[in-house]
Amino acid sequence: MNKIVKEDKIKDIKITLVFGDITIEKVDAIVNAANSHLQHGGGVAGIISRKGGSLIQEESNQYLSKYGSVETGDVAVTSGGYLNCEYIIHTVGPIWHGGSSNEEKLLYKAVFNSLKKAEEMQLTSIALPAISAGIYGYPIEKAVVVYKKAVFDFIESKPSFLKDIRFIIYNENHLGYFEKEFSE
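Going by this note's numbering, the first residue of the sequence shown is number 952, and it counts up by one from there.
It is worth saying that the hints were derived from the structure and are not from the lab. Backbone N, C-alpha and C define an ideal beta-carbon position, used for all residues, glycine too. Keep in mind that a hint or two might mislead.
Straight line, CA to CA, 27 Å or less: simulated DSS-like cross-link-like pairs of lysine-lysine [to be verified]:
no., residue 1, residue 2
1, LYS960, LYS1109
2, LYS1067, LYS960
3, LYS1093, LYS1067
4, LYS1017, LYS1067
5, LYS1017, LYS954
6, LYS1114, LYS1056
7, LYS1093, LYS1114
8, LYS1067, LYS1056
Derived CB-CB ranges, DEER-like [to be verified]:
no., residue 1, residue 2, range
9, THR1075, GLN1013, 18 to 28 Å
10, GLY1127, LYS977, 35 to 45 Å
11, LYS965, GLU1071, 12 to 22 Å
12, GLU1123, LYS1093, 16 to 26 Å
13, GLY1019, LYS954, 31 to 41 Å
14, SER1005, SER1051, 36 to 46 Å
15, LYS1093, GLN990, 19 to 29 Å
16, GLN1013, LYS977, 21 to 31 Å
17, ARG1001, PHE1103, 16 to 26 Å
18, GLU1071, ASP959, 19 to 29 Å
Work out the full structure: start from the sequences and follow the hints.
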């Protein structure tokens, strides 16, 4: 069972930090931290694909056939399969190379574009994982600063549909960094 850790409201948009499993969140869309070829074998992507069923990978393969690979910072959309969401917004976060390869800009773009896609689809709720902070090695203390900036900039863009943004944190070590950053 997921546990709400912190909840705030900014300009009529609820921002929630949740400790738990993104695959059980009841939202319009969850964000998947994907690779550019949408092969969902490891990390958050692997968990989402296993729990959501083979349809997610099948739709990802169809997307690849039609549009090609997804660039870092960009998004692709599939159904939610057997999950509690209607859609999965797959975004490709950057692999950490020490901070000298535009990682901050690319991570910002991945988060912002996920929110923007949800807004374009007229969705009201979305759940995001700690994009790039797992197997891609992005230091969590740096990543949470980027997540917050992307969310606040998105809110400043005056979305009219998206009203519920959740970060789902499954790593206890990451939780403190989220709490600290989103309390400032």
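Each hint, compared with the structure:
1. LYS960 to LYS1109: holds, 14 Å
2. LYS1067 to LYS960: holds, 19 Å
3. LYS1093 to LYS1067: Holds, at roughly 22 Å.
4. LYS1017 to LYS1067: holds, 22 Å
5. LYS1017 to LYS954: violated, 39 Å
6. LYS1114 to LYS1056: holds, 25 Å
7. LYS1093 to LYS1114: holds, 26 Å
8. LYS1067 to LYS1056: holds, 16 Å
9. THR1075 to GLN1013: 18 to 28 Å: holds, 26 Å
10. GLY1127 to LYS977: 35 to 45 Å: violated, 26 Å
11. LYS965 to GLU1071: 12 to 22 Å: holds, 20 Å
12. GLU1123 to LYS1093: 16 to 26 Å: holds, 19 Å
13. GLY1019 to LYS954: 31 to 41 Å: With a Cβ separation near 40 Å, GLY1019 and LYS954 satisfy 31 to 41 Å, so the hint holds.
14. SER1005 to SER1051: 36 to 46 Å: Holds, since SER1005 and SER1051 (Cβ atoms, about 39 Å apart) stay within the stated range.
15. LYS1093 to GLN990: 19 to 29 Å: holds, 26 Å
16. GLN1013 to LYS977: 21 to 31 Å: holds, 26 Å
17. ARG1001 to PHE1103: 16 to 26 Å: violated, 33 Å
18. GLU1071 to ASP959: 19 to 29 Å: holds, 24 Å
Consistency with the previously given hints fails for numbers 5, 10, 17, ordered from lowest to highest.
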